[in-house]
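Asks: Here are the chains, one letter per residue:
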Amino acid sequence: TLAERTNLAGVRHILLVLSGKGGVGKSTISTELALALRNTGKRVGILDVDLCGPSIPRMLRVQDSAVHQCDSGWVPVFVGQDKAIALMSIGFLLERPDDAVVWRGPKKNALIKQFVTDVAWGDLDFLIVDTPPGTSDEHISTVEALRPYQLLGAILVTTPQ
Amino acid sequence: AEAAELRARLRAVRHTVLVLSGKGGVGKSTFSALLAHGLAADESKQVALLDIDICGPSIPKMMGLEGEQVHQSGSGWSPVYVEENLGVMSVGFLLSSPDDAVIWRGPKKNGLIKQFLRDVDWGEVDYLIVDTPPGTSDEHLSIVQYLSASHIDGAVIVTTPQEVSLQDVRKEINFCRKVKLPIIGVVENMSGFVCPKCKNESQIFPPTTGGAEKMCQNLNVSLLGKVPLDPQIGRSCDRGQSFLAEAPESPATLSYRNIIQRIQEYCEQHHFQEEKIM
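Respectively, the protein sequence lines represent chains A and B.
At position 118 of the first sequence the residue is numbered 118 (the UniProt record's numbering), and the sequence of numbers has no breaks.
At position 184 of the second sequence the residue is numbered 184 (the UniProt record's numbering), and the sequence of numbers has no breaks.
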């Protein structure tokens, strides 16, 4: 099948981390979840689809990293103590860290599709997808692009108020 | 022709302030609501609060207006009035249920924002406050574009002290510069917590890279003020009450009031300069 021949073929479970509300700890939870799963010996990747405010690179101390291409697409940045967690974020594509990504929906959708299909994840037990707040372009495009694959489900993050 | 329509509708708006961040959950809506309340305390001023956070509209709840609906009249959509001199508009008022998700792509969101500006009968307004969602995307591009038919005095950018917020806020500052939107200044929220029992101060969100103060120095932007964390703020927001009215003695209230005054002064000066030019 097409799914078997793609970059997500070796990913066993895909988890979305959502909220609706900003600033409740989605990126923090995504990061901690990835580290905790890695600690139990699982192979883990993180896909950061927050294009306007990508927080994951800094949280894993790779904000100055760059990404490279290989035959099957982009090579993720490997992070964590044993450099075994694969990470892709728009943060790695910015020329300068303070550059604003001022894109309308269609351009965001195009990049998200690329992030889903063109990153050479390899074999992973879990791919955690961190999202921005809201229920808009990024969310619709991410779910649409991931639907053919092993989408386990969503974790929703909130604060008490 | 569209620009002319918007210009006509917005002609009676004297000052427009955008409340932005880049980062979510830092207190944009809270600040927008309190700025509106603070400005409307002067009964001679007419204040309008426009909530363009289409996916997560917080303003109706914060202003105690949940469940209100928008009425149409011959002159357009009627804002929902909290006070005689404080009118509010939000997508929240258009939902049949508060839990309904607005799952729209950019173009549809842009369309509604245009409608908010074109079809709402704000009347004569001294201050139009626009609350925005986090980010630098459709809503932000559109509001700047549509309001260019009128004018924007400037943007107030809200942050919290930690680097994870500041890194998004620097992007927002760059966005403002890119679209030539003047920056009135930055507000640092959740800046320290004073325990009501022991009076000790704690940094709940430690400014590991110098907080908003350092960022403002580096980027040559005004720091309007720092607002400490006060649990009463969240409580007032949940209950739809003005925190400034509920906790007049709180250090946070004092901070907010100072910041609001600085924004007013900026707007009045700006207007004066414009008049001078004319």
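Calculated from the structure, these hints are not laboratory results.
Any given hint could turn out to be false.
What the hints assert, rightly or not - Below, simulated DMTMM-like cross-link-like pairs (lysine to aspartate or glutamate); rule was C-alpha separation at most 25 Å, straight line:
no., chain 1, residue 1, chain 2, residue 2
1, B, Lys214, A, Asp123
2, B, Lys45, B, Glu124
3, B, Lys214, A, Asp64
4, B, Lys180, A, Asp98
To be verified - Label pairs and their calculated CB-CB ranges:
no., chain 1, residue 1, chain 2, residue 2, range
5, B, Glu265, A, Glu144, 45 to 55 Å
6, A, Asp98, B, Gln261, 48 to 58 Å
7, B, Pro231, A, Lys83, 35 to 45 Å
Note that the structure is predicted; figures quoted are calculated from it, not measured.
Where is the CB? At the ideal position from N, CA and C, for every residue including glycine.
Asks: Looking back at the numbered hints, which does the structure fail to meet, lowest number first?
Replies: 1 and 6
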